[in-house]
Amino acid sequence: MYRAAAPATLRIVPLDDLTAIYHRASGITHLVASPVPELLAALSEPLTLVRLAKRLGEEFYLSDGEALAARLDELVASGLAEQL
Amino acid sequence: MSDEPSEIPQGATRRRALMLGAVGASAIVSIRPALAQVSASISTCEIQVPDRARAGKYIAADGTPVPAGTKGAFAPASRPFTGQEVKQALAGGNLPGIEYERSQAYTKYIRRLQSGTSGFTCFASLQMPRG
Chain A
78 MYRAAAPATL
88 RIVPLDDLTA
98 IYHRASGITH
108 LVASPVPELL
118 AALSEPLTLV
128 RLAKRLGEEF
138 YLSDGEALAA
148 RLDELVASGL
158 AEQL
Chain B
-9 MSDEPSEIPQ
1 GATRRRALML
11 GAVGASAIVS
21 IRPALAQVSA
31 SISTCEIQVP
41 DRARAGKYIA
51 ADGTPVPAGT
61 KGAFAPASRP
71 FTGQEVKQAL
81 AGGNLPGIEY
91 ERSQAYTKYI
101 RRLQSGTSGF
111 TCFASLQMPR
121 G
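Protein chains in written order, with this note's numbering: chain A, 78 to 161; chain B, -9 to 121.
Each hint should be verified, as a subset may be incorrect.
To be verified - Here are the computed distance ranges between Cβ atoms for each label pair: (1) B/M9 / A/A97: 18 to 24 angstroms; (2) B/R5 / A/D93: 19 to 25 angstroms; (3) B/G14 / A/L87: 23 to 29 angstroms; (4) A/A85 / B/A65: 40 to 46 angstroms; (5) A/V90 / B/D52: 41 to 47 angstroms; (6) A/P123 / B/A65: 21 to 27 angstroms; (7) A/S140 / B/E91: 49 to 55 angstroms; (8) B/A43 / A/R88: 25 to 31 angstroms; (9) A/L108 / B/A43: 26 to 32 angstroms; (10) A/R88 / B/R6: 24 to 30 angstroms; (11) A/D141 / B/A51: 43 to 49 angstroms.
I should point out that these hints are in silico values taken from the structure, not numbers from a laboratory. Cβ coordinates follow ideal geometry from the N, Cα and C atoms, glycine included.
This is chain B alone, in the form it adopts within the complex:
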C-alpha cells in the first residue's frame, strides 16, 4: 500500500515541467514600432460584427449587442469587414454596401470592442500611430 508517488522515478517519464509562472507575472511583451507600415496588416485583418462569441445577436443603434429580433436594432453583418473598410468608416465614411444608420451602429460596436474580443486586435492596429 502506498500513496501516490510524490516524485517520479528517474526514467519513468519524459514529461518535463511546464512553469506557468506567478499569477501577476507576464509571459508576453508586445512590440510594435510606431513607424511600422501597417497597410499590409490592415488589409488582411478582419472584424466580424458581432464577434463569434455573440454570433446571431443584433446590434442596437448605440452599438451594443442585443437579442436577435430586437426592434430598432440591426441584423448581424453578412460578412466580416476588412481593416481597411473599418478604417474608412472610423474616419467618417460608410461601411461598404450598408445604409447609413446600420453603418453607424456597426461602427459604434467596433469602437466598443474590448481587449480579448475577436476583432479587437485588428481594431487596435487601426488606432496605432502611423509612421
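Bound conformation, chain A alone:
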C-alpha cells in the first residue's frame, strides 16, 4: 500500500510543465514532472500498486504500466509518499 504525504505537509506550486513541491516535514523542495502530481493526487488515500493503476486508468491512458512501479519507488525515496 502506498500513500502520499499529508496534504498539510506539502506546498504544491504548478510551474508550467513542472511542479514545485515544498515538503514542510523535511524542509526539502522537490521539482517534479508529470506524472508525480497525478500520482500524489491519486494517493490521497492508501492504494496498492494494482488499485493505483486502476484508479489512474479511469482518468488517463497509461503509457507504460511497468514504469508506474518505478515512479512509485521514486516517490517513496523522496519522502513525498510512504509505503505502508
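On the provided structure of chain A, position chain B as indicated by the hints.
Then chain B, alone, in the frame of chain A:
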C-alpha cells in the same frame, strides 16, 4: 465482430495520456540549500518508533525491530518523537521520558532508518548540514 479498438475515436473520451517515463528515468529533483534554516522543519517533523509498517514490533537493543514480546527488547514508543527530540538524542542525549537503555535502542533504530521508511525524511533532514 471487432477487436478492442486500438485507437479511441475522436470525441469519445477526454482522457489524456499519462506519460510514466522510462524505468531508469527520474521525475523528481530534490533541492535543499545547505544554508536553509531547518529549525522549523525539525520542530514539525516526527519519527515513529517503529514506523507504521512495523507497528507493534519491539525494538531490540541493537535497534532492529523484533516480534512483540521478545525478551530483552523494548515495547514500541507510546508517541512519535519530534525532530528536535531525536536531534538531541543523536547528539548523545536521551529521548524524553525514557530510560537510558530504551533510548539507546530507539536511537539505534532511528539511525538505521532507510529511505522510503516512514520517518526517514525527518531523520535525513536532521543529518543535513546546517547553515
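A quick look at each hint next to the structure:
1. B/M9 / A/A97: 18 to 24 angstroms: 19 angstroms, holds
2. B/R5 / A/D93: 19 to 25 angstroms: The hint (19 to 25 angstroms, Cβ to Cβ) holds, given that B/R5 and A/D93 are roughly 22 angstroms apart.
3. B/G14 / A/L87: 23 to 29 angstroms: 26 angstroms, holds
4. A/A85 / B/A65: 40 to 46 angstroms: Once the Cβ atoms are compared, 29 angstroms apart, the range 40 to 46 angstroms for B/A65 and A/A85 is violated.
5. A/V90 / B/D52: 41 to 47 angstroms: Taking Cβ atoms as reference, A/V90 and B/D52 lie about 43 angstroms apart, which means the hint holds.
6. A/P123 / B/A65: 21 to 27 angstroms: 26 angstroms, holds
7. A/S140 / B/E91: 49 to 55 angstroms: Holds: the Cβ-Cβ distance is about 53 angstroms, inside 49 to 55 angstroms.
8. B/A43 / A/R88: 25 to 31 angstroms: 26 angstroms, holds
9. A/L108 / B/A43: 26 to 32 angstroms: 28 angstroms, holds
10. A/R88 / B/R6: 24 to 30 angstroms: At roughly 25 angstroms between Cβ atoms, B/R6 and A/R88 fall inside 24 to 30 angstroms, so the hint holds.
11. A/D141 / B/A51: 43 to 49 angstroms: Since A/D141 and B/A51 have Cβ atoms about 46 angstroms apart, the given range 43 to 49 angstroms holds.
Comparing the model with each numbered hint stated earlier shows that hint 4 is the single one that does not hold.
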